[in-house]
Amino acid sequence: MSCANVIKKERTSVINPLVTCQPMGAMYAVSGIRRGLPLVHGSQGCSTFVRYSFSRHFREPSEIAVTSLHEDAAVFGGRKNLISGIENLAIRFKPNLIGAISTCSSEIIGDDMEGFIKVAKEDLKKRMGEKEAEKVKIVPISTPSFVETHFKGYDNAIKALVDNLAEDPSESNEKVNIIPGMVNPGDVREIKHMLGLMGVEGIILTDISDPFDSPLRPSTTETKPFYPKGGTTVEEICDTSNSRGTISLCGYAGSGAVSLEKKYDVPAAVGSIPIGVKNTDQFLRNLKKFTGLEIPDTILDERGLLIDSMADLVSRYLFGRKVAIYGDPAITSGIARFVCELGMIPSIVCTGVESPEFVDEMKKVAKESDGAVDVLIRSDLRDLETHLQENPVDLMIGHSDGRLFAKALDVPLIRVGFPVYDRVGYHRVPIVGYNGGISLIDRITNAVFEKYYDHEHWKLQQ
Amino acid sequence: MQSAVKSSKNSEKSDKGNEKVTNSSKLNVSVNKSLIKDLFTDESSSDEIVIDPVPESIIKTLESRLDHMCVKKSEDGGGPSCNTASVPGIVTQRSCVYGGARVVLMPITDAIHLVHGPIGCASCTWDIRGSRTSGEDLYKTGFSTNLEEKDIVFGGEKKLADTITELNNLYKPAAIFVYSTCVVGLIGDDLKAVCREAEKITKCRVIPVQSEGFRSFNKSLGHQLACDAMLDYLIGTGELDGKLKSEINAQPTLNIVGEFNVAGDLWAIKPLIEKMGVNVLSVLTGDSCVEDIANAHYADLNIVQCQKSSNYLARQMEEKYGIHYLKVNFFGIEDTAKSLKIISEFFQNPKMIEKADEIIKTEIANVRSEISHYKKRLAGKGVAVYVGGNKAWSLIRAFEELGMNVIMTGTQNGLPEDYERIMETVSEGTLVVDDANSMELSRLLQKYQPDLVISGAKEKYMTHKLGIPFCDFNHDRIASFAGFKGFINFAKELNRAVSSPVWKFTPKKYHGIVKNE
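Chains as they are written, first to last, in this note's numbering: chain A, 386 to 847; chain B, 1270 to 1786.
FYI, nobody ran anything at the bench for these hints, they're computed from the structure.
Bear in mind that the values here come from a model prediction, so they are computed numbers and not experimental data.
Ideal placement from N, C-alpha and C gives every residue a C-beta, glycine not left out.
Check each hint, because a few of them may be wrong.
[Claimed, not checked] For lysine to any residue, the following SDA-like pairs were computed, each having C-alpha atoms within a straight-line distance of at most 25 Å: (1) B/Lys1589 <-> B/Asp1569; (2) A/Lys394 <-> B/Lys1441; (3) B/Lys1514 <-> B/Glu1543; (4) A/Lys792 <-> B/Leu1500; (5) A/Lys749 <-> A/Gly656; (6) B/Lys1630 <-> B/Pro1619; (7) B/Lys1610 <-> B/His1593; (8) A/Lys609 <-> B/Thr1775; (9) A/Lys393 <-> B/Lys1419; (10) B/Lys1409 <-> A/Glu770; (11) A/Lys479 <-> A/Gly495; (12) B/Lys1607 <-> B/Lys1716; (13) B/Lys1329 <-> B/Lys1342; (14) A/Lys465 <-> B/Ala1354; (15) A/Lys479 <-> B/Lys1329; (16) A/Lys394 <-> B/Phe1423; (17) A/Lys749 <-> A/Gln667; (18) A/Lys465 <-> B/Gly1457; (19) B/Lys1329 <-> A/Asn481; (20) B/Lys1419 <-> A/Thr397; (21) A/Lys510 <-> B/Lys1607.
[Stated by the list, open to error] Selected chain B positions facing chain A (Cβ under 7 Å, derived; list incomplete): (22) Val1360; (23) Gly1368; (24) Thr1410; (25) Gly1411; (26) Ser1413; (27) Ile1421; (28) Ala1430; (29) Thr1432; (30) Gly1482; (31) Met1731.
The shape of chain A in the complex, shown without the other chains:
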């Protein structure tokens, strides 16, 4: 048993950030809704740079509208821009949902987004007719960029969606709501795969799996707006109040689940992301608890396959190796736990967020670890880099932004999370669930082979 040393960044400046601002998380969440469009109430850069980031990571188009605030809005407020923005977007794209996302500027100038949206809705009724206008749901999402990080923005968006759309409960729909967190399309697909094996229908809040990994099969007409296939429907979100429970797969995105529990008695389980054996077990136990369904053999087989590959690999190649993990607080803590299960030591776990839940989680992980765990919170990549120079590790697990110092330190980097822009396909391969565990363990072990074993040696099992 060992301890967690919590280290907080002491610098004033942020150097090579690990987080971005709230609106991005909200844009991510709204992108997972079928015919849902984010409308950013701010400067053009606020949408453009996020679109660029999404495109770079997912290699997919990303449609995010903006109200294009300019100097006059800073003086007179953004009322006109938001109202005409909603109207233009609604009439041209005919979306099912518009997520109106605030930014630092619109929050500071004090725009009353909810009030403006009401006006816009009235205008829309006149322009499109009552029936058509009703079809366009408009959800205000408050995401002041100067508070917390994109993870908070994601949480705020999910909460705003259920608060605005969930209807008074009627009959149970026998479904389970799942809040996946800011994970990749491959992860959401793996979660749906597990639900399928359990025989449970899920409502994914929200499902980016198809919108951010969509087939090259464009619309046939040149006048129709382009929407990717898939995504969670608005009806499904309205229906979340009738579900048997809500499982949030990550600690930072629990507000929507808690809100559904408070308002409509839909039980909530805000847990750890199902990376590795124990966390996936827990996820399935939660499913079992909410649905009363038994865990089928097929899933136990998948679990067995993961354990089998662990047995084959861990003791010889992975045991005792030190790992540095950085990025998303949910994903890093999930991987830290998995790394312990593999007999490795998560000697540095680093995230840009300051969160008591994350620290608690890491204390638990430290108890499972064979060595001391340095927990860097509210940190940035420079902090991690300098820490690694003094405390070397054998492997790094994190996103592409750490690639340069991983190379400088000559440590293999296993890419996970967001953003990964210098390798392909990683958004498609899951890291959650038993199958995700298998692909992650393969990736880690192959990186170890590449770096620490003789390339000409043909018997790696020796």
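Please arrange chain B on chain A, whose structure you already have, making use of the hints.
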């Protein structure tokens, strides 16, 4: 061409959201271009695929957007409306003023680029420029003051001052550029005063860049503000050391202005100039160091590559230091040759002119033979160009040299002068679009069916979804396209895009199994 381009003061039309078809009489032109394609690509197919000529109407879009699209009619045809605010609620491809300032200054390699604002502005723009370095790499690091709630309430000046001191101690940079973002403008931090004070304490150049994101709808203002930062705080402050002095005395010197060394473009241009016997004193700002820029006023000549971002800088330097400037373009064989020629002629040195002719002759012969294979594959293809700045016109000749037709071109942030240039350069029948949003772009591409799209990462995947080949000519490009050597890369990349077998699986007209409602 005067008054051909309708500029900013466009009467504000209410956008009723009605999608109209542009059908004004000025567009009643049929195209005289040969649009018969695929003569070389598919030997097995004997069918000629004939694309309809550019039709009279353009596409359905908002009423206020109709003026922003036009077809080049004849020599004196007018350009599109431009330099107006984007319509709220559209998916604009534009960026903000801060983004504009950042792209101009970011290639200065030995400086800290500190973003004064909430974390997102720094996070999303850190190390995305694609600008390469031959030495220092401090510019690739992302710095932010990370303004938080309490800073918004009480002001961020102290935090900024502390951050500057801290970063100076950590890195000892050649300069610290401090960019203001939207919130800084709103909370009213006195950026200049803080920078002035910080400079006294740190003894490092601390340069304010007043680039609040919402200052304009056009990021060109950001380019200008970045140029102002260099003009006010950097250029003219350098003192020549002995080595530089002897260099300057030995040979004529010039600055390359508006060359950002994306994918190493500069490295294809600089040797050509040096071979002619001209010293490159500084580059503003690709692969450059602060000290070089501080000495830029000693040059005999400025040559301007990106005229979108940097004409202003050259004009100001002419006014302030009497440095004459030439507009050049190193994309394309003939334009590269022409640029070398006018540089050599500027110095009126017969030996240099002779050398330039010699370089041009050998390089062109080499390029022509290197690209002949690609040219066969590319000839007859139609290209759509949609970019941020001067590439909307500077690439057109380059495509023509490959036998390709530019059937559509446009820019996100064009100013009247840019569109004048575009209208002069394109041939009759070319569609010119200003500030096209994503829906317009996809409609235009579906309607005009180009064989290739040239743009940036945001547009890339939409283009692919439409089944159209794409070539990146923005930050994410990895091959140098400038100069003679770059032109070979350019032809190679275009061929890779166009001739890829994947496009056989994605016919542009969708029938049968690929149909998707």
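Each hint tested on the structure:
| no. | hint | result |
| --- | --- | --- |
| 1 | B/Lys1589 <-> B/Asp1569 | holds (13 Å) |
| 2 | A/Lys394 <-> B/Lys1441 | holds (21 Å) |
| 3 | B/Lys1514 <-> B/Glu1543 | holds (17 Å) |
| 4 | A/Lys792 <-> B/Leu1500 | violated (38 Å) |
| 5 | A/Lys749 <-> A/Gly656 | holds (13 Å) |
| 6 | B/Lys1630 <-> B/Pro1619 | holds (16 Å) |
| 7 | B/Lys1610 <-> B/His1593 | holds (16 Å) |
| 8 | A/Lys609 <-> B/Thr1775 | holds (19 Å) |
| 9 | A/Lys393 <-> B/Lys1419 | holds (19 Å) |
| 10 | B/Lys1409 <-> A/Glu770 | holds (15 Å) |
| 11 | A/Lys479 <-> A/Gly495 | violated (28 Å) |
| 12 | B/Lys1607 <-> B/Lys1716 | violated (36 Å) |
| 13 | B/Lys1329 <-> B/Lys1342 | holds (21 Å) |
| 14 | A/Lys465 <-> B/Ala1354 | holds (13 Å) |
| 15 | A/Lys479 <-> B/Lys1329 | holds (15 Å) |
| 16 | A/Lys394 <-> B/Phe1423 | holds (22 Å) |
| 17 | A/Lys749 <-> A/Gln667 | holds (15 Å) |
| 18 | A/Lys465 <-> B/Gly1457 | holds (24 Å) |
| 19 | B/Lys1329 <-> A/Asn481 | holds (22 Å) |
| 20 | B/Lys1419 <-> A/Thr397 | holds (14 Å) |
| 21 | A/Lys510 <-> B/Lys1607 | violated (60 Å) |
| 22 | Val1360 | holds (5 Å) |
| 23 | Gly1368 | holds (5 Å) |
| 24 | Thr1410 | holds (6 Å) |
| 25 | Gly1411 | holds (5 Å) |
| 26 | Ser1413 | holds (4 Å) |
| 27 | Ile1421 | holds (5 Å) |
| 28 | Ala1430 | violated (10 Å) |
| 29 | Thr1432 | holds (4 Å) |
| 30 | Gly1482 | holds (4 Å) |
| 31 | Met1731 | holds (4 Å) |
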